[in-house]
Amino acid sequence: MKLIMAIIKPFKLDEVREALTGLGVQGMTVTEVKGYGRQKGHTEIYRGAEYAVNFLPKLKIEIAVKSDMADAVTEAVAAKAKTGQIGDGKIFVSDISHVVRIRTGETDNDAL
Amino acid sequence: MKVSMLQKISLAALASAGALILSAGSAFAADAPKIDSGDTAWMITSSALVLLMTVPGVACFYGGLVRKKNVLDTMAQSFGTTALVTVLWMVVGYSLAFKTNSDASVNQFIGDLSYLFLKPMTLTSVSGTIPESVFMFFQMTFAIITPALISGALADRMKFSAFLWFMGLWLIFVYAPIAHWVWGGGWLMTAGALDFAGGSVVHLNCGTAALVTCLVLGKRIGLGTENMAPHNLTLSVIGASLLWVGWFGFNAGSAVAANFNAGMAAAATQIATGAASLSWMFVEWLIAKKPSILGMTSGAVAGLVAITPASGFVDPTGALIIGLAAGVVCYTSSVWVKKWLGYDDALDAWGVHGVGGALGALLTGVFASNAINSAAHGWLIDGNAHQMVLQLEDVGATFVYSGIVTFIILKLIDWTIGLRVSPEVEVEGLDINLHGETVR
Chain A
1 MKLIMAIIKP FKLDEVREAL TGLGVQGMTV TEVKGYGRQK GHTEIYRGAE YAVNFLPKLK
61 IEIAVKSDMA DAVTEAVAAK AKTGQIGDGK IFVSDISHVV RIRTGETDND AL
Chain B
1 MKVSMLQKIS LAALASAGAL ILSAGSAFAA DAPKIDSGDT AWMITSSALV LLMTVPGVAC
61 FYGGLVRKKN VLDTMAQSFG TTALVTVLWM VVGYSLAFKT NSDASVNQFI GDLSYLFLKP
121 MTLTSVSGTI PESVFMFFQM TFAIITPALI SGALADRMKF SAFLWFMGLW LIFVYAPIAH
181 WVWGGGWLMT AGALDFAGGS VVHLNCGTAA LVTCLVLGKR IGLGTENMAP HNLTLSVIGA
241 SLLWVGWFGF NAGSAVAANF NAGMAAAATQ IATGAASLSW MFVEWLIAKK PSILGMTSGA
301 VAGLVAITPA SGFVDPTGAL IIGLAAGVVC YTSSVWVKKW LGYDDALDAW GVHGVGGALG
361 ALLTGVFASN AINSAAHGWL IDGNAHQMVL QLEDVGATFV YSGIVTFIIL KLIDWTIGLR
421 VSPEVEVEGL DINLHGETVR
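From first to last, the protein sequence lines are chains A and B. So in this note's numbering, spot 32 of the first sequence is number 32, and the numbers just go up one at a time. So in this note's numbering, spot 404 of the second sequence is number 404, and the numbers just go up one at a time.
The shape of chain B in the complex, shown without the other chains:
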């Protein structure tokens, strides 16, 4: 084959330029591990998006739902958790959740302490196709939002000091082990339970803790007699909208790469969220006669929660069905079941996140498709009924472990420093009494 002169010249130029780059590169990184720049860029973006879900997302969503006298305490809970978990994740959390324990049987349940203070992590440590620093940061943002979501159940009545102890202990003794079971190489991961972005690890887990917390704390003073209507729903709409946007980091980011799975996870997330917002709205319209904006946003959050474990495993039709189911089921749990059983889950952390997370985890087993993700063999499409057993194990284990350990942590705090503010403080407001600030 004859190569033209022009091609020869350009090839030579390219070769010399390449050699130049190589020699320059080798000057400081002789054998730097390979990372993918596209994946890395997407994962840094995703991490920031997931952080956006907690501050300001959850802070605004919950802040608007409480009464005006407690809005700053509620926002301080989200912000405080963000700061506290950041430090604890660096000190010990990442190591416990994501490092492999040298004892294989212990590793089924928990990582180890080899990464205390992230000491072994260097500039060029790699996790998959991205720097380990990015993977650690991405997982940190999940560890932040999970406990922060519990604050919805304990709103209006927990001491801020008790809250911080609760968040810290819960991160280490509940979140880190469960994250290890499902994502860090533990027993549920080995068994083959499917949880793409945290339906059980994040949402069922925090929802269960929320349920236990509101039961241990008891009801707010004046529940049923006093007007506890949200003080500023515009703030809540902004918060819910930020959650929706940030959730693309949560779900599509959980592909830990910028690839086909991330793309399909993003599409499934958007479809399920729209469907859930509509289904909650229409059920409420039918029953309570009006389509409330609180209903639309609650439905959207329910859809985001339910599609979380399934995104990356299901096709658009599966996402649509999961979304429609999430709106109806979470409406039922937040409105009817709560009223029927009488627990005071102030902002419906259990009703939306716990129930939506469990629903999503189970429906993941139903609709997961091998055509969408080679790691998955679902029930309906791939005929693998055993997947449902695994999903049930996943839901059951998370519910039982999270419930029991949360209860123990809360009782320990109650016996030592006390969980709840005095009735006087509760009635007058947490903002002025706990933080010395008020919103006028």
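Here chain A stands alone, though its shape is the one from the complex:
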């Protein structure tokens, strides 16, 4: 079982979700986050007063899948979240040791 965690540009969420639904992914968690990478921040100006905003808004999406689906999901996220511009984000893939579905008590692959 793999956890795929990706930081993406907020306006790419719908495209990513549609692609994953097509692959049979059953769920995802989305969080609004702020951060910086190579894109750095931007500047806001209020009546001439400039403020550097170092943390830009991004979305963090988390998807837990069976191991055999991990590559396909990773590729789909990478393809759909890409604009080619700096600031497209990153994908992190890690192992999951145990999963429980709270309602039924199913575990691991049955719970995904």
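Just to be clear, a hint being listed does not mean it is correct.
As the list claims (entries may be wrong) - Straight-line C-alpha distance at most 30 Å; calculated DSS-like pairs for lysine-lysine:
#1 B:Lys99 <-> B:Lys289
#2 B:Lys290 <-> B:Lys69
#3 A:Lys40 <-> B:Lys68
#4 A:Lys60 <-> A:Lys34
#5 A:Lys9 <-> B:Lys119
#6 B:Lys119 <-> A:Lys60
#7 A:Lys9 <-> B:Lys34
#8 A:Lys12 <-> B:Lys69
#9 A:Lys12 <-> B:Lys290
#10 B:Lys290 <-> A:Lys40
#11 B:Lys119 <-> A:Lys34
Claimed, not checked - Taking beta-carbon pairs under 8 Å as the criterion, some of the chain B residues facing chain A (in silico):
#12 Pro230
#13 Val335
#14 Val337
#15 Asp348
Think of the hints as simulated: they come from the structure by calculation, not from any bench. Cβ coordinates follow ideal geometry from the N, Cα and C atoms, glycine included.
With chain A fixed as given, assemble chain B onto it according to the hints.
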């Protein structure tokens, strides 16, 4: 001339109906002074419109511009000033500003105390063509917004107790005398200075006090290093829009009648405001590369300020030019001059109201037209260059008097109860520390 039977009958009916009304009327008001119902209706409406400018107008405009930790204190300043000045105006302010002092030389500078607690004012007291109660209320709303506007300069760092003392003392020792000079029969009115709705009395006056206040208080902690961006510009847009709407009571209401002058003042106000909003926006677009909504609203307020003394004296073309000038000049003062001189006028009360008020007062002398108002003889249209001398006197006297007396009041408060909150309170936020409330 032969009058038909039908006409005779209807005339007779009218006459008897008239007699009935007269006899009924005389039962409770034998010789009630004449008021004009149209004027009275308009002036009650205007008073409510001007009140709308302070609460919620200024409260929202300034509230949105400060950081989230200070929004309630900023709104409390507008609301608190409204309540405090209402009472002080009833007790002593109206009398000092608008009553004629029996000593003619003293009357050049201040009214008297004959109207303490409005005692002599009765149900049927008349001022011009409206009840005096309405005139007193209308002027009260001006006395409310003028000190409330100063709060833009002292935002984020003044104690609320010191603020209330400041508002009360400033009303009595700065606003009331200057209002008397220009509107209450004082020396500037006698000399013939033109200020239709308060370019110098209200805006230059509060702007000057704002400049002095931010200099006496000093800069906010973290200025230049910390992010002090407005926490909610939608609130500011709502506030600025309410100011725009309410301003028709301010300017058109200053005709103190529902007449031609009120109509032209309303038109001039709308034209100048649109022009100023555009000129600020385009200058900013050119220089800072983006047309900000804060710029559009700031420009609109600058235009409203600058047309205030001129509305009622200028034609639509004059209004257009005053508006265009206001946007550019107030942008320059709020952005460049402030940065250059380094004072911390947090929300640009001086940059917009002080500079815009002075600009408007001077341009009133330039564009005032006898064809628009029989009381006016301007420079450009009527060839009366002397009007410019009077306008300069008006601006200079307001700036000097307001500046000096504001400084004295602030120093007195500083020596007694202290003006500024502690650094700890300032950093943590005024809302939770001064008012025990926060916005989540």
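Hint by hint, here is what the structure shows:
1. Between Lys99 of chain B and Lys289 of chain B the alpha-carbon distance is near 52 Å, which puts this suggested pair outside the 30 Å criterion.
2. Under the criterion of a C-alpha separation no larger than 30 Å, the hint pairing Lys290 of chain B with Lys69 of chain B is consistent with the structure, at around 28 Å.
3. Taken as a hint, the Lys40 of chain A and Lys68 of chain B pair is honoured in the structure, with Cα atoms around 25 Å apart against an allowance of 30 Å.
4. For the hint linking Lys60 of chain A to Lys34 of chain A, the alpha-carbon distance of about 9 Å falls within 30 Å, and the restraint holds.
5. Distance restraint check for Lys9 of chain A and Lys119 of chain B: the Cα-Cα separation of roughly 69 Å exceeds the 30 Å cut-off, and the hinted pair is therefore not satisfied.
6. The hinted pair formed by Lys119 of chain B and Lys60 of chain A fails the criterion: a straight-line CA distance of about 69 Å is larger than 30 Å.
7. Between Lys9 of chain A and Lys34 of chain B the CA atoms are separated by roughly 71 Å; this puts the pair beyond 30 Å, and the hint is violated.
8. With a C-alpha separation of about 34 Å, the suggested pairing of Lys12 of chain A with Lys69 of chain B is violated against the 30 Å cut-off.
9. Of the pairs offered as hints, the one joining Lys12 of chain A and Lys290 of chain B holds, with about 25 Å between alpha carbons and a cut-off of 30 Å not exceeded.
10. Of the supplied pair hints, the one linking Lys290 of chain B and Lys40 of chain A holds, its CA atoms being roughly 20 Å apart against a limit of 30 Å.
11. Annotation: proposed proximity of Lys119 of chain B to Lys34 of chain A is violated, straight-line Cα distance about 63 Å (limit 30 Å).
12. Interface hint at Pro230 of chain B: satisfied, since its Cβ lies 6 Å from the closest Cβ of chain A, which is below the 8 Å cut-off.
13. Annotation: interface hint on Val335 of chain B holds; nearest CB of chain A at approximately 3 Å, less than 8 Å.
14. A distance limit of 8 Å between C-beta atoms decides the matter here; for Val337 of chain B the minimum to chain A is near 10 Å, and the interface restraint is violated.
15. Proximity of Asp348 of chain B to chain A holds as hinted, the smallest CB-CB distance being about 6 Å (cut-off 8 Å).
Hint compliance for this structure: hints 1, 5, 6, 7, 8, 11 and 14 are broken, all remaining hints hold.
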